[in-house]
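Chains as they are written, first to last, in the numbering used here: chain W, 1 to 236; chain C, 1001 to 1437.
Pairs of lysine to any residue residues, derived as SDA-like cross-links and limited to a Cα-Cα distance of at most 25 Å, are as follows: (1) 1334/C - 96/W; (2) 1352/C - 80/W; (3) 114/W - 1353/C; (4) 119/W - 1001/C; (5) 1289/C - 1067/C; (6) 1334/C - 109/W; (7) 1113/C - 1171/C; (8) 1014/C - 140/W; (9) 119/W - 1002/C; (10) 136/W - 1002/C; (11) 1196/C - 1104/C.
Below, a sample of chain C positions facing chain W; criterion: calculated Cβ distance under 10 Å: (12) 1004; (13) 1012; (14) 1014; (15) 1015; (16) 1340; (17) 1341; (18) 1347; (19) 1350; (20) 1351; (21) 1352; (22) 1354; (23) 1429; (24) 1431.
Treat the hints as calculated values from the structure; they're not laboratory data. Please read these numbers as outputs of a predicted model, since none were measured by experiment. Just so it is clear, CB atoms sit at the ideal spot from N, CA and C, and this is done for glycine as well.
The primary structure of each chain is shown beneath.
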Amino acid sequence: MLKMNNISKLYQTEMVQTHALRDFNLQVEEGEFIAVTGPSGSGKTTFLNIAGMLEPFSSGEYLLDGIDVGKLNDNQRADVRNQKIGFIFQGFNLIPDLNLYENIEVPLRYRGIKASERKRRIEQCLEQVGLASRAKHLPQQLSGGQQQRVAIARALAGEPRFLLADEPTGNLDSLMARQVMELLEQINRDGATIIMVTHDPELARRAPRNIQVVDGQLADFTLYQGAQNLKNVAGA
Amino acid sequence: MLLHYLDLSWRSFKRTPLVSFLMVLAIAIGIGVTMTSLSVYHMMSADPIPHKSSQLYAVQLQTMDEGHTWWTDDNLPMQLTYQDAVNLQSAPLPEKKVAMMRTGFSVYLDSDKVKPFTSNARMTTPDFFTMFDVSFIYGGVWSEQQEQSAAPVVVLSKELNDKLFAGDNSIGQLIYLDDYSYEVVGVLADWSLNLKYYDLNNGAFNQPEDLFLPFSLVKTKELSSWGNSNGWKHENINSYADRMQSEIVWLQFWAQLDTPEQKTAYGNYLTAYIEEQKKRGRFSREKPKYSLRDVNQWMQYNNVVSEDNKILVGLSFMFLAVCLANILGLLLAKFLRRAPEVGVRRALGASKRQVFLQHLVEVAMLGCFGGLVGIVLAQLGLWSVRQSYDYYSSIATMDITMLLSAPVIAITTCIVAGLYPAWLVCKTNPAIYLKSQ
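Bound conformation, chain C alone (with noise of 0.2 Å):
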């Protein structure tokens, strides 16, 4: 009966094309509003790494002294001082620990085939790349040892290993930044992050860094860096060292802590950690805090998703409720005027539930013209957020999920919208059209 349905909805568009056509560019416009906002909400919102999100924790350390706060909600700073980064890296646990900062250089060959250009790049401890889940098509990380002694290595993002050496394996090769060599020892294979969750100081929605380099640099070459500093306390910083000792918070910190009994070993190391600073004078509140925060809870935390983005979807969905409100009123008056026919069908044993279901599965068909109109909306809205925002251009796309929710919100909403039109028209009185047809 349901092919007969179809059979019947489809001669019912045929038969009223221009009343048709409006409905599906009602609840096409309706649908592709909506679904430009909710994926770009989804894309935002959308667990970046998700078979580790839940083991990967942001480390968060109270250095303020009492009576100083913070902006955050628990009044702890987001990212880390030198001298904790350090120490934590060469904490005994967890196995499988990163500290790192965002940093830049300019970029040159020892040729004249590239011009000189800057790029974004990320000092890092090697863990980085196992921890975060990223692979090599070419070479691999530096060494334990060369993160040690600070040796000028580099692993190129595939991108920059396309424009500097065509796409070449290009490990060995020299490049310079700023006014050193540096070997590359490793090409990343393509690595694109709808969200750089493990920096969400630092452009949040950016791409990953280009360039990537031993964390041990950053002291020995005295980088600055290209993300927020932040302090509470003046202090006398007149050179490098100063600023290494200081409690200037510069520095992410994550662990990767793979079971519950992990975290709270690790946990326990961070209080004492925290004792033995007191004892150097540091951490001088009362009670410091400290705060394990794993990807999704960090992203929360960093209010990723603004609350503009959440009104933003709200009013979307508003739209669509005007959309569908017209809808409604373009149905009710094509259902009705077919009232005469749903009479001679009612005559001829068709039940109230059979008519009913008849014009549900219409307006079903209806929605799913709308939803797959709304998806091509859709993606012209999402390029046109690209176009104008390059901000967005990672995450102003629709993924699988969203294309498969466009039809499915599309004709639940229309059945929604429906339900009232066919209800009304299964109550028709047969007897009142026989006559009168």
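Bound-form chain W, shown alone (with noise of 0.2 Å):
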């Protein structure tokens, strides 16, 4: 589904360049929920930023289910963004002007799908989140938690096939933390094929593939798990 080769992302000042990624390779199949970890500028954010195509890569190829991204213009990538990844931010990124239900429409309007047919969905996804009665409700009317749930329900209304989460706990309490976490297994479950970047070894964990992005390039899993395990037993 997503195929990453060679991928290199380079920022340039008159200074100093830095490579946020470098040669990083990745494919991921329909269906998987993969967790992405690494340290604090490894490249965790710059890899998802440019698997949801919100950044250009400097050089590498990117197929997302077939389509070359890096041929896209701007508002082909903003359909193919539209049409098949959802977001989940760890500032929520809600519309504060917005409703619940409004901003849950958000993408639907851009989708150009009419009003009946957003209804039905914005309905479904607030009652899927447990937020049905809280529609009318503005964001900082809610908690932390209930907030992420409405920014799934925002990915969900779309109804992806590809769902980027980065750091979607970091700013919940362990308890909404891991209702939030049952929710994105939920949704996998369902059929998405979900990206999870965090700093939790605790959710990582939860999720079926691990990765670690280090210094810009994908960390060899195997290598990474048999250090830890070496860490363990001297700990033990």
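With the hints as a guide, bring the two chains together.
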């Protein structure tokens, strides 16, 4: 479903060049749930932004559902993003002036879906995240966990095949984080492919597949897991 | 999607009411000033009789001797001598023509109901009313016979009839002009002109006269002109008869020429007339010219819209540009502050084009509000012009064209000012803001 071959991302200023990603290779199959971990500044978010076509890459090849993303113009990227990808952000990124219903409606409007169909989907998604009774509330009237559930509902409303989550539980306490994680697992069971960036090892362990990004490259996870085991033995 | 953008724009206005108010105020002031000067310019330069302005021609004859010049661009006097006006009036063509002159009388009735007052009058031939589309509420124009016999008859304006006879049908009533009595034969319907195009020499922006009398009375009553009289040589004028035979120009003459053929024929007639007059010792230039100018050409020739007015319009547009520069700055600040939200929208599937359009709709709405408030300010401006200068009372107004133009100009200029901020915000890299929000 997603295939990145030798993707590099170079940030360049007059003074310094920074390789955020370097020869990054990854293949993701339909229906996978992948947790992406790695130290701060390792390139996790850059990877996620490139996967979501929010940022261009400097070199390499990126295929999404067989579409060569590098050859798309801005409008085409916006279309593909709108049709295939849902985003969940650490900071929720709900639009403060819009109530929950209208926030979830945003991607559907850009897709040109009719009002009656929008209504059906929004009500269904709000039901799914347990906030059906709060449709007219503004984001600031909700707790952090509820806001993140709205953000998930917004991502789901477009019925994406591909969900990108950047630290979705980063701003939540452990109880709410667990609830959000359970919601994501349910969404994955329903068929969506999920890539989740997280710092939380407990959440990462719940994902069937883990990858680690170190210095802009995909680390050999077998070696990483071996090192973790050795560390655990030494600790014991 | 347009309705959605309008909804978002309205929410944006409510979210930042002070900045929005300042922007609306800036555009409203700019539009108010611009529309005030533009409306005056528009009314000054508007065709006063569009359906037949190309059929009515002001006649000019180059009467001066060789070596004498006039101050006009083509060295032609703007008015005619009495003898030329009378000769052309009695000519076989064209069918409709009018000789005229502005004068005035002291007006009173044979009762003490109305105090005597002075009033402008136009001495004219009967075709005046049909040529310039003037209609009557009571009676009509005097007959050709009354014209020939210098009958003491008069046509009143509606305002004067209201003043003298309380708006009643006054046909057959007598009024006194100076020391003579005149019978009312007609009362005009409302006749308001932005521009008194039929006599631009004597107060182009004055309202039409209140009294209209047969032109033949000029001679019999020896009426003096209340307009400009100009000469080009020294003449001993000791009597009214001398004045009538002089080369002084003081009368206006118009001909209605409905087709190009009629215009050509009348041109030939004028050439022949000049040749005939040459034999009588007049028009002694080698090649005396004549001119036939239609209404719009006549307005242009008389510089009805002066350079000052054009400069004023230019300056008001520059002021509008300054207001727009301020708006541009405020829009930049407002839109860039919204970049994080734009980042979210872009991540959720909005294309750059959609973000750009959303912001252009917002500036268009701003322009619409500014235009509407600007109309109110322009009305205030025009009102103050009318209060300050009586001269502009008929032209310091906004017609429907100007009323509709105000929001169009406001919206267009706002969109121009909003192009750069909207383009800048639509270029927002969403990735920058999504993590930091």
